[in-house]
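Single-letter residue listing:
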Amino acid sequence: MVSGPTSPAAAPIERRVWETLEAVMDPEIPVVSVVELGIVRHVRRADDGRVHVGITPTYSGCPATEIIARSIREALEQEGLSEVVIDTVLWPAWTSQWLSEAGRRKLEAFGIAVERSPSRPLACPRCGSGAVERLSEFGSTPCKAHYRCTGCLEPFDTFKCI
Amino acid sequence: MSAAAESALGASGEDHFRYVLRLADTSLVLGQRLSEWVGHAPALEEDLALGNIALDLIGQARLLLSYAGRIEGRGREEDQLAFLRDAPEFYNVALAEQPNGDFAATIVRQALIDAWQLELYHSLTASADEPLAEIAAKALKECRYHWRFSCGWLVRLGDGTPESHVRAQEALDALWRFTEELITPDALDVRMASLAIAPPLAAVHGRWEARIAAALKEATLRQPASQHYPWHGKSGVHTEHLGHLLGEMQHLQRTYPGATW
Chain Y
8 MVSGPTSPAA
18 APIERRVWET
28 LEAVMDPEIP
38 VVSVVELGIV
48 RHVRRADDGR
58 VHVGITPTYS
68 GCPATEIIAR
78 SIREALEQEG
88 LSEVVIDTVL
98 WPAWTSQWLS
108 EAGRRKLEAF
118 GIAVERSPSR
128 PLACPRCGSG
138 AVERLSEFGS
148 TPCKAHYRCT
158 GCLEPFDTFK
168 CI
Chain D
6 MSAAAESALG
16 ASGEDHFRYV
26 LRLADTSLVL
36 GQRLSEWVGH
46 APALEEDLAL
56 GNIALDLIGQ
66 ARLLLSYAGR
76 IEGRGREEDQ
86 LAFLRDAPEF
96 YNVALAEQPN
106 GDFAATIVRQ
116 ALIDAWQLEL
126 YHSLTASADE
136 PLAEIAAKAL
146 KECRYHWRFS
156 CGWLVRLGDG
166 TPESHVRAQE
176 ALDALWRFTE
186 ELITPDALDV
196 RMASLAIAPP
206 LAAVHGRWEA
216 RIAAALKEAT
226 LRQPASQHYP
236 WHGKSGVHTE
246 HLGHLLGEMQ
256 HLQRTYPGAT
266 W
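Protein chains in written order, with this note's numbering: chain Y, 8 to 169; chain D, 6 to 266.
Quick caveat, the hints were computed from the structure, so don't treat them as lab data.
In this text, a Cβ means the ideal position worked out from N, Cα and C, and glycines have one as well.
Heads up, some of the hints might be wrong.
A short, non-exhaustive set of chain Y residues, derived as facing chain D with CB atoms under 10 angstroms [claimed, not checked]:
(1) H59
(2) T95
(3) A109
(4) F117
(5) I119
(6) S147
(7) T148
The shape of chain Y in the complex, shown without the other chains (with noise of 0.2 angstroms):
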């Protein structure tokens, strides 16, 4: 569901904008980028020449959402866009299905699940076994829940669908 740049006639400014947020890691899941995770909505040059860029929140106090936008408008200001201007997007709300597919194999690769649906199993992202139970529905940050495999016994977080 994630959008890249547009169209392949999109404007070089706006696709030069996107493959800068391609390399801005998400602070506290610092294999993902900002555009795997799903979150930057728009990108767009607006009639008075400065970069609109609408980034939405995963959860309404998300801590990193702060982090983030100054992230963004730094990456861009090294790349010469200094007139940048952040826009907050609510709707549509973000869920874990706004992750990209590439997103989510980096995550597992980095030890956290993804939870694809409430009705799809989850597996341990250490030794792949379907048996696992969870600890808690809140983890160590708001977009996370905290499980366990009763396989390998290890604990892991996991990205949870809401």
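Using the hints, position chain D against chain Y.
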């Protein structure tokens, strides 16, 4: 500030501003209360849960306060609205400001408000006020799992040991009178409903009551008789507890005006 901006807020704008503040303040005050548990909860998992719910609530409050500031149009932003208003200018429901008490009292307070926010935000996703409907859709997802947490604990405590049952029932008996304002519309609720900005509170009332009744039954707790409580936080008339809460929450901004990280 231009004279035009100053007079932009007519009677209906003032209503709208206050209504959004009611939602914002309930989340902010409850979030502040829950954050008092951080480092003190009975187990690490519950400490994380209460801290995470507090974060969600404060996040919702920020979105709503920023929106209220835009409606008011006088240049006040979320920080001024959170940190520089006095208790009578806060419009949260009084239940949110009640002290944490023991874990049972915190869970009872949370379950009563979670069920209410869940039903209220569900209705608000259809509000004629588009920015409010967007905030409600975001908040609703969070309220759903807040309720799973508080309802789960309500059942465990109520249907747990004799000690946990007594504590949960005592908390319910003590807090029940504050639920009246959640479900009883006042003039502002009626005016907002007539503009389709807010739902008729009667619809929220019915669904809230059904949700709570089912949870209490499973928890083997007795629903107290309704008690009339004429002072309503949503009109700015609070219990003494809010002043103390604000004293702590606002201390830094009041002492060092304009301080930033």
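Hints and how they fare:
no.: 1; hint: H59; in the structure: violated (18 angstroms)
no.: 2; hint: T95; in the structure: holds (8 angstroms)
no.: 3; hint: A109; in the structure: violated (24 angstroms)
no.: 4; hint: F117; in the structure: violated (20 angstroms)
no.: 5; hint: I119; in the structure: violated (16 angstroms)
no.: 6; hint: S147; in the structure: holds (7 angstroms)
no.: 7; hint: T148; in the structure: holds (8 angstroms)
Of the numbered hints given earlier, the model fails hints 1, 3, 4, 5; all others are met.
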